[in-house]
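> Sequence:
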Amino acid sequence: MGKIDFLLCSTFHDPEFRLKDLIKSTLPKLNELFVKIIVCLTPYTPDEVHSLLLSEGFNSIVEPSERNIDTYRTALKTTIEYINDSEIQRIFHIDFDRLIHWINKYPEELTNILNNNINEEYLHIGRTTRAFNTHPKTQKETEIIVNEFGSKILGFEDTKDLISVCYIFSKNLGKKILKINNFTTTGFYGSWPIYFWNFARSKSYIEVEGHEWETPDRFKKEIGEIGFERWKRQFQSAEEWHKRVNVLHDCLLEMSNSAKFEFKK
Numbered sequence: 000m001g002k003i004d005f006l007l008c009s010t011f012h013d014p015e016f017r018l019k020d021l022i023k024s025t026l027p028k029l030n031e032l033f034v035k036i037i038v039c040l041t042p043y044t045p046d047e048v049h050s051l052l053l054s055e056g057f058n059s060i061v062e063p064s065e066r067n068i069d070t071y072r073t074a075l076k077t078t079i080e081y082i083n084d085s086e087i088q089r090i091f092h093i094d095f096d097r098l099i100h101w102i103n104k105y106p107e108e109l110t111n112i113l114n115n116n117i118n119e120e121y122l123h124i125g126r127t128t129r130a131f132n133t134h135p136k137t138q139k140e141t142e143i144i145v146n147e148f149g150s151k152i153l154g155f156e157d158t159k160d161l162i163s164v165c166y167i168f169s170k171n172l173g174k175k176i177l178k179i180n181n182f183t184t185t186g187f188y189g190s191w192p193i194y195f196w197n198f199a200r201s202k203s204y205i206e207v208e209g210h211e212w213e214t215p216d217r218f219k220k221e222i223g224e225i226g227f228e229r230w231k232r233q234f235q236s237a238e239e240w241h242k243r244v245n246v247l248h249d250c251l252l253e254m255s256n257s258a259k260f261e262f263k264k
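Going by numbering that gives the first Met the number 0, the sequence shown opens with residue 0, and the numbers climb by one from there.
FYI, nobody ran anything at the bench for these hints, they're computed from the structure. Treat the hints with care, as some may be off.
BS3-like mimics (lysine-lysine), calculated; alpha carbons at most 30 Å apart, straight line [claimed, not checked]:
{"hint": "1", "residue 1": "23", "residue 2": "151"}
{"hint": "2", "residue 1": "259", "residue 2": "242"}
{"hint": "3", "residue 1": "28", "residue 2": "151"}
{"hint": "4", "residue 1": "175", "residue 2": "151"}
{"hint": "5", "residue 1": "219", "residue 2": "151"}
{"hint": "6", "residue 1": "159", "residue 2": "174"}
{"hint": "7", "residue 1": "139", "residue 2": "159"}
{"hint": "8", "residue 1": "159", "residue 2": "104"}
{"hint": "9", "residue 1": "175", "residue 2": "220"}
{"hint": "10", "residue 1": "23", "residue 2": "2"}
{"hint": "11", "residue 1": "219", "residue 2": "231"}
{"hint": "12", "residue 1": "2", "residue 2": "175"}
{"hint": "13", "residue 1": "202", "residue 2": "159"}
{"hint": "14", "residue 1": "219", "residue 2": "139"}
{"hint": "15", "residue 1": "104", "residue 2": "259"}
{"hint": "16", "residue 1": "264", "residue 2": "159"}
{"hint": "17", "residue 1": "76", "residue 2": "175"}
{"hint": "18", "residue 1": "159", "residue 2": "76"}
{"hint": "19", "residue 1": "259", "residue 2": "174"}
{"hint": "20", "residue 1": "259", "residue 2": "159"}
{"hint": "21", "residue 1": "19", "residue 2": "104"}
{"hint": "22", "residue 1": "28", "residue 2": "219"}
Could you build the full structure based on these sequences and the hints that come with them?
Now the structure itself:
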């Protein structure tokens, strides 16, 4: 297979447009890496974001639903419509804020991955141990459960970072994923990687440093005022714990629905 062209399939939620300057700084790199850029915005993301992306030639669409799954499905469905050569085109799926952080902090790592002539139908991109450990306990202690459970379902000998929400895949796999019935709002974060891995004729797994915790990028003002450690402690509020436990619950429900469990003999 020759050179692969990548279409970016992304979602973005930024009600206060805190990442405006960072996004502007990455525009040249984004246009260099991707032949087509699709970003699906949540209904709470302001029109200014939509206008900026459109002015750069991106396909910016707004999903009216507040459900996470609807935003991701709209992004994927739209991206698939732009693929006209399944042999040389692949979908690169990642949250837009995480991609912006990756480009700003580890641009060479990302470029090397995309220039490495990916031959697999599915490439799962997880977090290195260091990158995973930059996240707060609200995420680490809930997401490790998803990763351990999903890794056992897939028969891995060690735990893979399945809930990284970053993958490269073919149009065919994308169409198969859209046929899946996702009956929770956020369970697809855990179940999609399981389906992708199971459906793919060829697949591989890598880990990257660029998937470190990107959320602090939005809170530079607050971090500057009270310091990173104090801000991080405040960030892990009861509300944030409740949110992350709900995501964990959704993931376990949908992941359980993807597999058949039997007692060992």
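> Taking the hints in turn, state whether each one holds.
We went through each hint and held it up to the structure:
1. Between residue 23 and residue 151 the alpha-carbon distance is near 41 Å, which puts this suggested pair outside the 30 Å criterion.
2. Distance hint between residue 259 and residue 242 is fulfilled; the C-alpha atoms sit about 28 Å from each other, no more than 30 Å.
3. A threshold of 30 Å between alpha carbons decides the hint, and for residue 28 with residue 151 the separation of about 37 Å lies outside it, so the pair is violated.
4. Taking the CA atoms of residue 175 and residue 151, the gap is near 22 Å; set against the 30 Å cutoff, the hint holds.
5. Among the hinted pairs, residue 219 with residue 151 is inconsistent with the structure: their alpha-carbon atoms are about 38 Å apart, more than 30 Å.
6. Using a Cα cut-off of 30 Å, the hinted pair residue 159 and residue 174 holds, with the two alpha carbons roughly 24 Å apart.
7. With a C-alpha separation of about 13 Å, the suggested pair residue 139 and residue 159 falls inside the 30 Å cut-off, and the hint holds.
8. Of the supplied pair hints, the one linking residue 159 and residue 104 holds, its CA atoms being roughly 23 Å apart against a limit of 30 Å.
9. Simply put, residue 175 and residue 220 have alpha-carbon atoms about 43 Å apart, too far for the 30 Å limit, and the pair is violated.
10. A hinted pair counts as satisfied when its Cα atoms are at most 30 Å apart, and residue 23 with residue 2 qualifies at roughly 28 Å.
11. With a CA separation close to 12 Å, the supplied pair residue 219 and residue 231 stays within the 30 Å bound.
12. This hinted pair checks out: residue 2 and residue 175 have alpha carbons roughly 24 Å apart, not beyond 30 Å.
13. Of the pairs offered as hints, the one joining residue 202 and residue 159 holds, with about 14 Å between alpha carbons and a cut-off of 30 Å not exceeded.
14. Between residue 219 and residue 139, the direct Cα distance comes to roughly 22 Å. Compliance with the 30 Å bound is thereby established for this hinted pair.
15. A threshold of 30 Å between alpha carbons decides the hint, and for residue 104 with residue 259 the separation of about 41 Å lies outside it, so the pair is violated.
16. Note on residue 264 and residue 159: the hinted pairing holds, with a Cα-Cα distance of about 27 Å set against a maximum of 30 Å.
17. For the hint linking residue 76 to residue 175, the alpha-carbon distance of about 11 Å falls within 30 Å, and the restraint holds.
18. Our distance criterion of 30 Å between C-alpha atoms is met by residue 159 and residue 76, whose separation comes to about 27 Å.
19. For the suggested pair residue 259 and residue 174, the alpha carbons sit about 23 Å apart, so the restraint of at most 30 Å is met.
20. Of the pairs offered as hints, the one joining residue 259 and residue 159 holds, with about 20 Å between alpha carbons and a cut-off of 30 Å not exceeded.
21. With a C-alpha separation of about 16 Å, the suggested pair residue 19 and residue 104 falls inside the 30 Å cut-off, and the hint holds.
22. Distance hint between residue 28 and residue 219 is fulfilled; the C-alpha atoms sit about 23 Å from each other, no more than 30 Å.
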